[in-house]
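*Asks:* Single-letter residue listing:
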Amino acid sequence: MIIAGLVGAGGWLAASRVARLRAAEPDPLVARVTRPHDLETALGALDEEFTPNDRFFVRSHFGPAVIEERHFRLEIAGLVRKPLALSMAELRTLPKVTVPAVLQCSGNGRGLYRPRVPGAQWERGAVGQAAWSGVRLGDLLRHAGIKPEGKFVRLLGGERPPMPKTPVFARSITIEKALHPATLIAYEMNGAPLPLLHGAPLRAVVPGWVGDDWVKWLRSIRVESAEDAGFYMKTGYRVPDPPVKPGETPKPESMRAMTSMVVKAIITRPVAGARLAGGAVIGGFAFAGERAVRAVEVSTDGGRTWRAAAVAPSKGIGSWQRFELPWKPAPGRHRLLARATDESGVTQPERPAWNPGGYLWNGWDDVSCEVTS
Amino acid sequence: MRALVVGVLVVGTVACDRSVSPTATAARADGAVPAAALSAEARARGLGTVEQNCQMCHSLDLVQSQRLARAAWEKELKKMIGWGAPVPPEEVAGAVDVLAEQFGVDAPPPAPSSMSAADVAASVAFDEPPPGGDAKHGAAVYQMACASCHGADGAGGPIGPALIERPILHRARDFDAVVRNGRLRMPAVPLDSAAMRDLFAFLRAAHG
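For the record, the sequence lines run as chains A and B.
Note that our numbering gives residue 302 to position 302 of the first sequence, counting from 1, and the numbers run on in steps of one.
Note that our numbering gives residue 202 to position 202 of the second sequence, counting from 1, and the numbers run on in steps of one.
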């Protein structure tokens, strides 16, 4: 009866208006997809070094797995000398490590590409930083003993595909990245138990690499001699190299799996659309995958001139760096642009190369606001 | 009533059964009406196909937020059918027609809805199922009432999605409502409370 009522009362459009009414607290998440959840962080919630857990963006493939901790065992198998099946209690006895790292969906900014491409139409908020705590993946692999032919580590998520023909979500990372001391299997996020939508009880944390590799509801870690052959390595989450013209279909053999994120600055203060009185600070965060950020420049005249912002030092691989620039604007509307340069000299482009998956958007960040006095 | 409707809205599976609201003649950024608009009947039929065959895996806002040319819609639908969307073959062309008309490159994108942190938490809050469920008896209930559509092992069948390890098992009350009331292509299944409790116990314990 309730379902019939909703359908009869104008369907989805009416429903979304009610959802907006309900969202009375500040900075609600933007629901790109309500089921399974693809939720984008509101820009007003991104101005802190650590994005709050309950405002942190959520990306799903098939929805949260049902895992009962008392029955749960993490499998470590494949090309190892001693396969392991560890309970949460056993995992917690291993050394606990905390790293600050940016998690960003590789499709963050997809909605800004033209022509448009299929997928969740993320704009700017499928990104955030948390302090992740857990065990080093390298410690687990050393306990199990990697055989010499092991070259990749396959991470299998716990999201149950809805239909028998739907591919499972699994990703492979290189053995070098798996053994990096900042690569974790995490059970805490910002000091709290990992929330269900962020992968409880366990998720991978792969600092500097795209969110695709940060597999949630992690069930199995397998050392293998080659990359996983499933959809999410061999078809999805790939970009053309070299790039193609907008709208063009790349040759399949030119497609590469993504690993490191690309250099990007985001303006988090002022928030887009803000009304400000008087002097202000233009601020935000910049990150560059596995590299540190060397410089952030800000333009307040549409890109004609740029000024260097102060940039905080890196706090470790895959973390973001605060930038700030004092600003004394005249009253009126202003357009603010930001672009970062990484330690190897690569600068954020005005617009990145189009690609059919809509991945790795890192165009100059572009925020408009109004100054009233 | 308002609280009830709002609650249903934000709480996942049951909440997300929606109809697609057609924009009588698809809105275009330039205000023009497409040359070959679908008949009202064809539009209703195509939207019906989308409503009936997409929502077992995702809410319709994913569909409605896309802005794709016809060829891209055709490719997407083919991919989804390959992944198990049970679209009857004779309905595929009509579904592509309506997707390209309603959610084509010229239509302005819709404003997304919002979820507060409280809404998000409520949408995954765990409902403790009624105690004392008998998983063994539940397995028999499953075989009798569910297996023909959802597969002998609960991992999904030709038209019914997987039930084991799925997010719905976090929400015993929503599960109960879907079984009792039916949903989209699923008919209402009249099970008494003891059978429901045992079925849920079986599904929560099943893996594979």
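Hints may contain errors.
DEER-style ranges, computed between Cβ atoms [unchecked claim]:
1) A:254 to B:69: 45 to 55 Å
2) A:98 to B:122: 49 to 59 Å
3) B:88 to A:275: 30 to 40 Å
4) A:81 to B:111: 53 to 63 Å
5) B:40 to A:87: 51 to 61 Å
6) B:39 to A:324: 57 to 67 Å
7) A:193 to B:148: 22 to 32 Å
8) A:346 to B:88: 46 to 56 Å
9) B:153 to A:174: 26 to 36 Å
Rather than coming from a laboratory, the hints here were simulated on the basis of the structure.
Note that this is a predicted model, so its numbers are computed, not measured.
Note that the Cβ used here is the ideal one computed from N, Cα and C, for glycine as well.
*Asks:* If you test the structure against every hint from before, which numbers come out violated?
*Replies:* 1, 2, 3, 7
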